[in-house]
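> Take a look at the letters that make up each chain.
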Amino acid sequence: MKKTEKQALARAFDLPDPERKDEFFRELSYKRRRPVALIVRFASVAAMAVLAVGLWGHFRGSAPDRTPEPDGQIVTVTTTTAEAEPAVTTQTSAAGAAVDEDPEDPHTDVRTTAVSTARATENNTRHTTRASVSPAVPRQTAPARTSPPARTAAPQRTTAAAVRTTAVSTKVETVTTVPATEAPITDLTIEPENVYEKKDFVVDIEYLRPRFSDGEALPPGQEEPVGQIQTSPKDAVMAAAKDCDTAVIGEVQNVFYFVDSGAPYTQIDLLVTDPLLGELEENYLISVVLGGGYIAPKDLGSINSDDLEDLRDEFGDREISIRDLGERTDEQDPHEGDTFLLLLNDIGRGYCFVTPNDEFSVLPVDGDKVSLKGKSFPLDEILELINK
Amino acid sequence: MAIDLREEYDKIFRYCCIRVHDRHTAEDLTQETFLRYLERPQYHTGNKTLRLLYTIARNLCADEYRRHSSQQLPEDLPSGADVEEGVLESLSLQQALSELPDDDRELLLLRYVNDVPVGVISGLIGVSRSTVNRRLKRLTEDLRIKLGKEELE
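These protein sequences, in sequence, are chains A and Y. Read in order, the letters of the first sequence correspond to residues 3 to 390 in our numbering. Read in order, the letters of the second sequence correspond to residues 89 to 241 in our numbering.
I should point out that these hints are in silico values taken from the structure, not numbers from a laboratory. Keep in mind the model is a prediction, meaning the values are calculated, not measured. Take the hints with a grain of salt, since some may be wrong.
[Stated by the list, open to error] Label-pair restraints from in silico Cβ distances:
no., chain 1, residue 1, chain 2, residue 2, range
1, Y, K234, A, E338, 28 to 36 Å
2, Y, R155, A, F379, 50 to 58 Å
3, Y, L93, A, V52, 31 to 39 Å
All C-beta atoms in this analysis are idealised placements derived from N, C-alpha and C, irrespective of residue type, glycine included.
Please build the complete structure, drawing on both the sequences and the hints.
Take a look at the structure:
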């Protein structure tokens, strides 16, 4: 509707102006000012207290900071001393978790505990203390491949290449260890086409479709009745297991989104860690295509002009992606580093692997459990189903 | 999305007017709406703000209607009942509007006078965005046909 038409409509409604608006906001501002004054007073008192504590701490001397790290955090302390002393890297858990350390062993296998989530590893606090007289010792670190963290509280193993630096009088010798040889990766991935880059701002497809299949609106809070016979997730997995010819547990290396005929798809590169069924072997890198993903609103085949107008009304010119995961749930939306048990169909070399049924074929692995539809099952049970 | 409370005051007042048909009651309800809104700072972000304001106003108007359901609400504002159909040869936009059911008038006011996003309206009246859009499209087309003009004026 044009602006002139809107103005005409506003005039036609012929609604009066409020009479007591100024009075209302005057009273409102008076009422709201009083708490502000109180807050300012409290804030000034608090600031004085902080200043006093700071001054007391300053004049008290420079006592070492013995503040304990939050539970589960790993503190890495690197101490480099003067000549002839090797640099020693020590990893300890703040909570006093067991740490095995052997600085003499070139292959230091540090096993840590109390890592709660994948993010915890990234948030480790690192304090580096270096002696001020330390000479410029050349340091060389061998490339170390760190296994991406599991998503559980299970103990996590980190393979770290130990760095041992020895300086003898005027001669500096650097001893660098090489990480254990790993099996070569067999790359069977397919280059994705028409890759769509997911935007930072994502709107779920449900935003556009809170309605019955025939286009009528759903009452708030009500779900469309399902005509299908509901089966238990385990039965559904068993059915998917019968239909698949390949089953693997693997770690997601890359995630791509692409569009085909107005529908979004997700392609993942999966590094096989546990081949369960089929011809794939460990360290095979495969591409798997899943229905659903992220798509630009204009590319969505099912979108209409009203929907686009709604999105413009709500979000303006902001760049958004529509998330339509199809049959998959949030937990089945893969991200780099995630571990999945996938039930697949091998449609031949040169093609991506596909799933017989995304809903029950993409199973997030959570330690020794598999989660599906908000429930978790022992991984062994699922493996048993697959082997049957 | 930051909102100008003073500007929203006018809009909520208009909304209350169209629902209760009495300017004094409408202003009382508008002020009550803002007082209740300010008690809920957790909703003062994004679209929640508008949604909350209109939801409070709508509920207060409904309460007011129920409270006076046995009595007759004083009507100092034009409504559909004021128009004598067929008396006038040519309909003005004001008359065409007054012939519409209250729900349709409310929808037009919300969307085109108060500029409330379709998403907020759909949440407010409990229908999908597409339904809101369809109803708006049908309403404006009907008005144009009634007025015999391509543009509302």
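> Look at each hint and say if it fits the structure.
Now the hints, each set against the structure:
no.	hint	result
1	Y:K234 x A:E338: 28 to 36 Å	violated, 59 Å
2	Y:R155 x A:F379: 50 to 58 Å	holds, 55 Å
3	Y:L93 x A:V52: 31 to 39 Å	holds, 34 Å
The structure fails hint 1 only (numbered hints given earlier).
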